[in-house]
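Residue numbers (full-length UniProt numbering), protein chains in the order written: chain A, 1 to 484; chain P, 1 to 484; chain W, 1 to 484; chain V, 1 to 484.
Treat the hints as calculated values from the structure; they're not laboratory data.
A portion of the hints provided could be inaccurate.
A few chain V residues facing chain W, derived, Cβ under 8 Å [to be verified]:
id, residue
1, Asp22
2, Gln195
3, Thr198
4, Ser298
5, Thr301
6, Pro310
7, Met313
8, Gln319
9, Gly336
10, Val344
11, Val347
12, Gln476
13, Glu480
Keeping only pairs whose Cα atoms sit at most 27 Å apart, straight-line, the calculated DSSO-like set for lysine-lysine is [claimed, not checked]:
id, chain 1, residue 1, chain 2, residue 2
14, W, Lys317, V, Lys340
15, P, Lys340, A, Lys317
16, V, Lys317, W, Lys340
17, V, Lys317, W, Lys317
Using N, Cα and C, we set each Cβ at its ideal position, and we do this for glycine too.
There are 4 protein chains.
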Amino acid sequence: MPTEVKSLNEECGVFGVWGSPDAAQLTYFGLHALQHRGQEGAGITANDHGKLRTERGLGLLADVFRDPRRLEQLTGQAAVGHVRYATAGNHGLENIQPLSFNFSDSQFALAHNGNLTNAVTLRRNLEQNGAIFHASSDSEILMHLIRRSPAATLTEQVKDALRQIHGGFAYLLLTNDRLIAALDPNGLRPLVVGQLPTGGYVVCSETCALDTIGATFVQDVQPGELLTIDDNGLTIDHYTTDTQLAICSMEFIYFARPDSDIHGVNVHSARKRMGARLAAEQPVDADIVVGVPNSSLSAATGYAEASGLPYEMGLIKNQYSARTFIQPTQALREQGVRMKLSAVKGVVAGKRVVLIDDSIVRGTTSRRIVKLLKDAGAKSVHLRIASPPLRYPCFYGIDIQSTNELIAAQQTIDQMCTTFGADSLGFLSEQGVIDAVGLDTTEPYGGLCMAYFNGDYPTALYDYQAEYDAEIAQLQANHEGVIK
Amino acid sequence: MPTEVKSLNEECGVFGVWGSPDAAQLTYFGLHALQHRGQEGAGITANDHGKLRTERGLGLLADVFRDPRRLEQLTGQAAVGHVRYATAGNHGLENIQPLSFNFSDSQFALAHNGNLTNAVTLRRNLEQNGAIFHASSDSEILMHLIRRSPAATLTEQVKDALRQIHGGFAYLLLTNDRLIAALDPNGLRPLVVGQLPTGGYVVCSETCALDTIGATFVQDVQPGELLTIDDNGLTIDHYTTDTQLAICSMEFIYFARPDSDIHGVNVHSARKRMGARLAAEQPVDADIVVGVPNSSLSAATGYAEASGLPYEMGLIKNQYSARTFIQPTQALREQGVRMKLSAVKGVVAGKRVVLIDDSIVRGTTSRRIVKLLKDAGAKSVHLRIASPPLRYPCFYGIDIQSTNELIAAQQTIDQMCTTFGADSLGFLSEQGVIDAVGLDTTEPYGGLCMAYFNGDYPTALYDYQAEYDAEIAQLQANHEGVIK
Amino acid sequence: MPTEVKSLNEECGVFGVWGSPDAAQLTYFGLHALQHRGQEGAGITANDHGKLRTERGLGLLADVFRDPRRLEQLTGQAAVGHVRYATAGNHGLENIQPLSFNFSDSQFALAHNGNLTNAVTLRRNLEQNGAIFHASSDSEILMHLIRRSPAATLTEQVKDALRQIHGGFAYLLLTNDRLIAALDPNGLRPLVVGQLPTGGYVVCSETCALDTIGATFVQDVQPGELLTIDDNGLTIDHYTTDTQLAICSMEFIYFARPDSDIHGVNVHSARKRMGARLAAEQPVDADIVVGVPNSSLSAATGYAEASGLPYEMGLIKNQYSARTFIQPTQALREQGVRMKLSAVKGVVAGKRVVLIDDSIVRGTTSRRIVKLLKDAGAKSVHLRIASPPLRYPCFYGIDIQSTNELIAAQQTIDQMCTTFGADSLGFLSEQGVIDAVGLDTTEPYGGLCMAYFNGDYPTALYDYQAEYDAEIAQLQANHEGVIK
Amino acid sequence: MPTEVKSLNEECGVFGVWGSPDAAQLTYFGLHALQHRGQEGAGITANDHGKLRTERGLGLLADVFRDPRRLEQLTGQAAVGHVRYATAGNHGLENIQPLSFNFSDSQFALAHNGNLTNAVTLRRNLEQNGAIFHASSDSEILMHLIRRSPAATLTEQVKDALRQIHGGFAYLLLTNDRLIAALDPNGLRPLVVGQLPTGGYVVCSETCALDTIGATFVQDVQPGELLTIDDNGLTIDHYTTDTQLAICSMEFIYFARPDSDIHGVNVHSARKRMGARLAAEQPVDADIVVGVPNSSLSAATGYAEASGLPYEMGLIKNQYSARTFIQPTQALREQGVRMKLSAVKGVVAGKRVVLIDDSIVRGTTSRRIVKLLKDAGAKSVHLRIASPPLRYPCFYGIDIQSTNELIAAQQTIDQMCTTFGADSLGFLSEQGVIDAVGLDTTEPYGGLCMAYFNGDYPTALYDYQAEYDAEIAQLQANHEGVIK
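Based on the sequences and whatever the hints tell you, model everything.
Rendered as structure tokens:
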């Protein structure tokens, strides 16, 4: 589960339901279970007998709906909702979803998780043909393409539009008479279908949201699928058959909630297996195993059990930190004032510690935590990362689009070890991730997108290609031997 | 760490500092680390060149100080702060501390953690002599006693007052020229002293607050001690020598933060030892060990390691639940809508689960969690509690003063097992707690107050005695064989 | 000045400035002076070296910018702002202005006061050509027309777009390098230009906003004009010469602030002259003159002075009412609980009262006030209205588009007098309004739009024509002799 | 009605009701009508079957009760409420009333308007006898005196307490079984009794609150009276017969709402008579009469009618100013940015203006308004004040206790005229005030306290005497001829 100590951010969670008198309430509780996928904004659109109404705002879901009347007035039998992580310079209200569209004879609400690789080109073409854009994000593009499609039916217009976009995307589109869901041809972002005990259907980012509202899992949405849910039930169709599963490996490593299942694999269990594999690949002679809370606890127990070392709570995270706006001044920080993470002296003092983290992005947190443990008396700190080095940017919806932010793109493992002040440093192998996840598939990389680790992107990069090539060339020039 | 799934609530955390230009800021960060001790109200009083100013309010610390100007205006070199858990019917603003007192020639701010056993008698006597009370809590009594003492100096007046009160208490009293701290003769509530890197002194409820602000641990305040901190430094005195250490065992079992040390014992480690001892006392033939998050995770890993069973994340707590005001309706709850705890199907399905909880109060949570696990497919659920049955009320500051709220006071272990729907149920022994904590003392019960478990209170009960006797007699009559 | 006792609502106030380092601050204070034109939402867009940033929200300006950081981050030398009255069913965040538009190479912010008569047709045409709409209001249409114009320059595109729209409108359009202002060919909505002491230019709805920020009046924007303000100063151009001044008479009667001047005529003075003329046209033998606060006070003093009767404060408005959300229950209302208006018993008891109101919309307020005065002991109440009966809807930006809401469209003056419980009732004549305003023009109706009173609209009604014809026909059938 | 442009502040409004199922709601609406008497804090205590519950907070009433649940939970058939103006350095939550007191067998809620002249002495005596004080205001003293009284009944204890205090005071005391009201022996503060249509009784500061809730006026509370309202109805008693009516003249001149009646005299009418008398005493050869909004409008119309000059709205006050927290910077103020008051150029340009203000305190506002009018083109500004020069402090509840703040205590009328930049300056005479109010009494000064104007205080000054004497002596030395 993401915490604020990691500078790696999912861009969204989506939730839609059709066929419940409590549609907006269920969407609220479903989004509550998906809050880890985005904390900067939230919104819900409800459909009451064909009329759409939206409430949205900046902040956590509970803040947006602090006044219960905002939720109560979202009556109706269908709804769609969204939690958003806003990237820098992009946090205006106009980017909070669901986006609303109002036409003379119809209304739409759109919720989107992902990122398009040909958005700049599409946008420029649309603008040249008179299209206007309110927000700076990609999400309006699909609506333009749908409305400009010459196809005869809405379904065909949506398919037509989806065939023009590339990248990673999971869309929910609520209209006056149906709920449409679509997933990109690589299934880069997770999306699942469930059924309510009372009969209606739910589509959402993770199974944890199904469990939270008491819905039964039906299936993972497959790459290239187009689902339509209306008063006649669920229809599963596809807009393309040119698909190849490549689900984001970081969902398993870091983003998804441990209790979610993705394509049949429980996330906690996959992380525990990563930890166990890491113990085999990167053993240490040490006294205790400590995980970085909260996201690395599964991997840490896996490492502990496989290595036979005791698992200890050597670090503790203040569970109230997310809410405070008052931060220590620089002077107080230098005196040692710390808000979020504390080392447990009574546990780590005098010990040789294996510190398990799920991944390393900028490396600033790693350096801080190693120091925290050593200040608390740890004899040595051996950092073990339950994923391979992150060396390449993501263009499918994760908030890192430049290798400048990735320490592993600029330093060798030895250099990083020195930077962190650790006594040793080891990463899990790519094959280790693939085996630990263990999807039942014959697709390349076991059905995972491993581009973060090896630069092998499952789609063409379109608008990003030139910039990407230049960046890699510069990295190879500046940091010899780091990027191949 | 307390969570909202347990109906057992500490009444307060206190923090005071003398001798730092950032006194109120340090108090804010210290209280932030003590937020688990009370979430219903918070306040800080600062002393700026002898002039006291207080800001306080209902809600979490971060809510009370949401407007940063409230904290910024608390200038000065000393401060005292408080986080409060408000008992039912007792949550007015007038009960939020620190309490302020303004006299013609002096000011006082009082922060109090604990409960007095002779408060009713003292209050009635004071009222008969013209005393007026603003709030309904005990905390004003001390100020009355101090002001009515005939002693010549403030120190002697405070000692005089302290000798008249009985029960569990940790007081911080900020005046125009000093900070006074006092602990009850049994040391029922935790209180520690630390020193800032810049020289000033800190007194607070737990060592985790010292670590958070970068202060060095000096000592646990001892039963019967009276500390005075002023511009001349720290003076340790005592108001009574008739003392006997009996620190609340529930601090080790449930309340305190795992990274705190109490009288030299790390709380996480004590809990892990309780889990290990529980494995020895109450073994199970099972597949996995699951702890109730977050408070039982230490004990659960202890049980897992001692038993050789794998420790799994079979339950997950939504980290955003504390903040939402919207709760599922009864109808939605019946359909399975759950806000806070989820069972991880992929982990528990088909498994024989040892479920570790730190303690059982009303039992409603236990029943709910057992059902959650079974609904998620657990083959069997063996509930193991890392403390003895809670059968007797607490009169020293914990929010349970009646056995009507304690299931173990009314049902045998077999009856409780049936109530919870568990496949088996076992508790840690009293000696198990004492050994696992392992305080370096020759005091009875290893220096712990075990009255919760055995009714052997370290002090006379005064105002509560008659009601207590009646309650026990009724329990013995109604539930034969439960209470001895 | 509008108050909540009248169900007649202006739709907006606009303010723009180019060429001040304090652009957003000035916009804030300017909008503050225009707050009477809309209380449901507010927003400001600032231009900092070509980059636009917007902050907007629901509620009063002071509520939207309660956190001063929201205003502080709107840095830059130009800004545009808007206060909005949201019509029923239309109060979503997406309708709060300025609207933002983001293109690959440019940004726009649009603030709009008014209403288009061919919006439905334009919208339908645009939709058929692929245009998408976020909000339900008219305001996006102009942006679509601009972007779809084949003209070569932005100025020509804007002119092209303006020539396609009909109705009443005052637009402010902030771009990366200029501020554009435009007024409809009849000048239905007020719009003025001013100059800052430091050199920059301001365009806004009323002169009171110029006075508030210390700007000098330059000119009223004339019908059909297009103004461009950039770093080279002010350029005055026009997009049509087919113009005829017909400024909304209700601006003089009710909407505008008394200290504003419109086309050279001070609003308070015009109202006072209306009151004086009313005294001549509709004299009463009475004891005192009382005005309905606050909007009718000017007319009431005019009536008093012309009639020689004393002007008395017989009604008082609670100045804090605007902010309270708690309203009396029906039971309490029946017991006489009143929040907003009180009659002053000591003033009106036993008196024959001339009650002056500026206009009558639904008539519910008039009935209530007459009752209030009689309950307070008034011997008789003679209601005099300082404008003619409102019998026809407005299609140019006032929130009454149906005659169903207008009592004077359904009852004769005698019937209304009975409905209100008044002892007599009289209205100012149309010529009385025209003479009292006294614009220096030879245009029909003295340059005023009098359609509200006589149905003589200065423009074709386009999309509204059919519905309007049907409505009038029905009125004539149902209420013989009321509408001619 | 007080506005923020005058630095003269009433300290409170009180409201109490016994015998209505909507007691707290009625108190809310009653306090809403008294909001002009204090805007810094508000609170309500309700009595539900003998159990008292209080909600209070900083800010306007509507802000304190923004969450409607705060009011809804104040159930019960009796209530008492308070709006407070907090003097400098005195604005903590602990000073917001009603104050709550909780005893073993009883509860009290106290609401207080006024100021005691022997508070310091009483407080010191009480402290020497062990009394503790939470707040810095006077209001706790009465509770101490009541509880320490040896009298046998609560009524006798209250009388005993009231006889020990001196100064100006109106108290409401809600207990478990009754509502008690008391007024000082000079009736310095207003207090009235009313009856609900449903039978219960109301006691409050002004009759406007009775009108707002539909209650019938019963009587003004008389000096020295003690009222008790309980389930048996209203009992009128007195605690002293040594009384002499001296009601605060500033209530008539400035504080009270124009629609209130005080001792049978309507406030608006009294002000209008002051204006008329001022016209006679201080005539001017001018073109128009302008009043400072809102408090001087009654006096201005009186002046206009008596002088035969037209009354004009030459100044306008922004009705939304009270709520904004953003103020112009000094630089913007110098450029002419003004938030609150605007001069109406179209009205005042080229005119000789008689400017009517009700009173002058510091004089800063007067100077600002004269300049505003001259900047707007007024040919001359003749300032006429509808009360005598304020030269002496108030010790009975008005927030000016030092002559340093009073310009008329330091400058002659000619000097003030120069300071203000006015063309002439004139004040109403003391006899003018007395005649214009015209109370039906033979008491000195027509039953008014005129000490503000002539230093003739109706009570001994006790604790303030020495300081007052020194201040007057210094004034006489420093400003010859100003103070006699």
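Enumerate the violated hints, using their earlier numbering and listing them in ascending order.
Numbers 2, 12 and 13, in rising order.
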